[in-house]
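In case you want the letters, here they are:
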Amino acid sequence: MPELMIRTDNLTKRFPCTTAGAERGCASLDEGAVGQDALQWFTAVDHVTFDVAPGEVLALLGPNGAGKTTTVRMLASILKPSEGWARVAGFDTVHQARQVRHAVGLLTEFPGLYLRMRADEYLDFFGQLQGLSTAQIRHRAERLMARFDLIEARRQRLAEYSKGMRQKLALIRAMIHDPPLLLLDEPTSAMDPHSAKLVRDAIRDLRQEQRAVLICTHNLSEAEMLADRIAIIRRGQIVALDTPARLKADLLGPPLLEVRLAHSLDGTVSELSDLIQVEASGQDWFQYRTPTPEMTNPALLARLSGMGAPVLTLSEVPRSLEEVYLRIVESEGNGGD
Amino acid sequence: MIWFIARREMRDTLRDWRIVMPIILLILILPWLMNWTAQVAIDFVQQRDAPIIGEQLIPFLLMIVGFFPISFSLVIALETFVGEKERRSIEPLLSMPITDLELYLGKMISATALPLLGSILAISVYLAGLYTSVGYTPALDLLVLIFVLNIVTGLVMVAGAVVVSSQTTSVRAANLLASFIIIPMALLIQAESVVMFWGSYSTLWVIVLGLLVVMAILVRMGTRTFNREEILGREIDELNVRRTGQLLRHFFVNPPEMASNLRNATVVASHPVRFVRWLVRVYRHDLPLLLRHNWMPAAIVVLFVVVASVLGWAYVAKLPLPQGSITLENLAAQDFEALSDLSYLPSLTTGGIFGHNVRVLLLAAPLALVTLGTLSILMLMVPLAMVGFLAGQLAWLGYNPLTFLAVFILPHGLFEIPAAIIATAFALRIGASITASREGLTVGEGVIAAVAEFVKVFVFVVVPLLLVAAFVEANITPQLVIWAYGG
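Residue numbers (our numbering), protein chains in the order written: chain A, 25 to 361; chain B, 1216 to 1702.
Bear in mind the hints are in silico, worked out from the structure with no lab data behind them.
Check the hints yourself; a few may be wrong.
[Stated by the list, open to error] One side of the interface only, derived from the structure: several residues of chain B facing chain A at Cβ under 10 angstroms:
#	residue
1	Arg-1303
2	Ile-1404
3	Glu-1444
[Unchecked claim] Computed from the model, here is a short list of chain B residues facing chain A with C-beta under 8 angstroms:
#	residue
4	Met-1216
5	Arg-1230
6	Asp-1231
7	Arg-1233
8	Leu-1309
9	Ser-1310
10	Pro-1312
11	Ile-1313
12	Leu-1447
13	Arg-1458
14	Gln-1461
All residues carry an ideal CB built from backbone N, CA and C; glycine is no exception.
Produce the complete structure using the sequences and hints provided.
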């Protein structure tokens, strides 16, 4: 098993600038070029560098058109980078494309199923392309279809599948050959809550099996639930890459804490001004931040106890990844490429 | 891998009643219809004592019966290639550990196999009907010819369909572009019909050979254009004229080695260069590099030119001129002036000759683009074949051909012939760029790069040479001729 499942260094992808693309921000590579005569390029992915270790889940977030799908396509050796390089499972994505595609399970943005095929035929086909034997395909297909509640529908034509079922089948297709790396584009889109939970559980199991998973998603709560680290990509560049907790701490400041009392505040807050700065308060609660909770909180509790103000709860106000994401994406003006 | 892909595609096609039903109808109904037509036609012509027409009609109908099912290969090919992209089912396939070539061949086989089977069945049904009704059995060589013709026709259509569908993003657009395949094939079938009526089966074998060459070229183009970058990189069908102009300028202005690094910022970045310095760089660096890199097309052109001259010389034996038909003695200046009166020759002035030669060699570029280089080479072969022919004739008539060559051809030929070879070689490169794209460039970019290089070499090498050649031809060659042959 390689030390890193994904390694990229200044991964860049440029496309010819079309008339429509001109509005998205095309530019010439030639710094000395002047005017519209210079060859214009649209840089979809701009010098992206990151890595993913075995057993790690990395979530790739970003607005529409940020470059997530293009990045995933380069990692899956479908597109070649214009600059930079990427190594997947130890293989170079350009010069060892076949080995990379064998090591990767890709769930594409659209399921892209062959609607006239049956589900078992479909998995059989892709299993054969991955070099599996008929027995292996059958065994794995049955196990995965049972896991994702599709076993009863395995002999149905895919045209009869619902959107959620098609998405699950596409995920099974990506997993059929037991790859060490999974690239999942919106894995739970169009799924009911139960199915989405099945998928999330499967991703957690993959992590335990030391598989690496890269998820592209707009579902921030899901990303926070599953990902060890989050990368936020905007206009082709990674603008943030860290664990959810550190991203929140770095961008949103110290955590917001809330105290709930057994009775109303009645001027309690003013007597605490030397300890904390209350940011918000209500009838029987108040909120504050502190950079040193390990010192402030015990002192606060002691003070409240001394004041005869019984504390019901002292807890952190949950901060969503959405706040972090929006702050980053909106920090340079309105995002959305 | 190829077989897995082909098998899946064929199964998928068999489940599509919109394709299967017409093929079945063509297998069952068309042969019966042609059979009935043959019987009626034979009776009709026999009554008018022209049985040969009926005899030639049967093979013609045999060809038609075999062709119609094969024509479905075009529909299937367009559907399987661009339809898959439209339905977004191509990307999972592209993420599999298969090469572009395996995918291409798998789809080609599937697009051809079922229509071919239909064609064979239709022919069999037709022949069975003919044997039953009029006791006709075709000669084995005719049967083989019809089968081979149908197979190759099907493959040409499929290969053409791949090239077409790789340039579009929708089945609708591909069907519109498919007229570029259907119209020539329809014309070809009509031509084959005429040849079939003539009974000239050897001509049909020549057509088969020609179709094989076309198929090889289209397959090569297809394998170049059917790749992951081209399939997923094109999002909309758009004619981007501005970008074409930008690319042309880029390839013309920048050194040739930057062509392959079009997308790499660390290589592309350049600095404003003054015109004189740029010109010096063009002559010192760009042109020598271009000429060195294109030694192969130049060698091919030289080979064809030599072959043409030799063939021209050899043709004298078939068409020898009678003794006394050409006299080179006592040539004078007024003989050259008289040549100017001939409307099909340019005026024998520097400007006239220069303009003529530039026009002709410039034409080589667009001709190369539409004929993959063949017409460009032919255009150069013809005059040099004529030179060889004339030299041979003069030798036949007792003149020294070396003297002829030395005074009539060599003075300006020293400049004109290399210029023509270089221009034709770079034109050939334009034609070849459609089938053999360069590393780091798409097919379209490769063609534009080849055009830009042609223009660069033409402007800075060919035009100066032609100017000198024209001056020599107008002013020096006549003097040398008069000196050698004058009274």
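Evaluated hints:
{"no.": "1", "hint": "Arg-1303", "result": "4 angstroms, holds"}
{"no.": "2", "hint": "Ile-1404", "result": "32 angstroms, violated"}
{"no.": "3", "hint": "Glu-1444", "result": "6 angstroms, holds"}
{"no.": "4", "hint": "Met-1216", "result": "7 angstroms, holds"}
{"no.": "5", "hint": "Arg-1230", "result": "4 angstroms, holds"}
{"no.": "6", "hint": "Asp-1231", "result": "7 angstroms, holds"}
{"no.": "7", "hint": "Arg-1233", "result": "12 angstroms, violated"}
{"no.": "8", "hint": "Leu-1309", "result": "5 angstroms, holds"}
{"no.": "9", "hint": "Ser-1310", "result": "4 angstroms, holds"}
{"no.": "10", "hint": "Pro-1312", "result": "4 angstroms, holds"}
{"no.": "11", "hint": "Ile-1313", "result": "6 angstroms, holds"}
{"no.": "12", "hint": "Leu-1447", "result": "6 angstroms, holds"}
{"no.": "13", "hint": "Arg-1458", "result": "6 angstroms, holds"}
{"no.": "14", "hint": "Gln-1461", "result": "5 angstroms, holds"}
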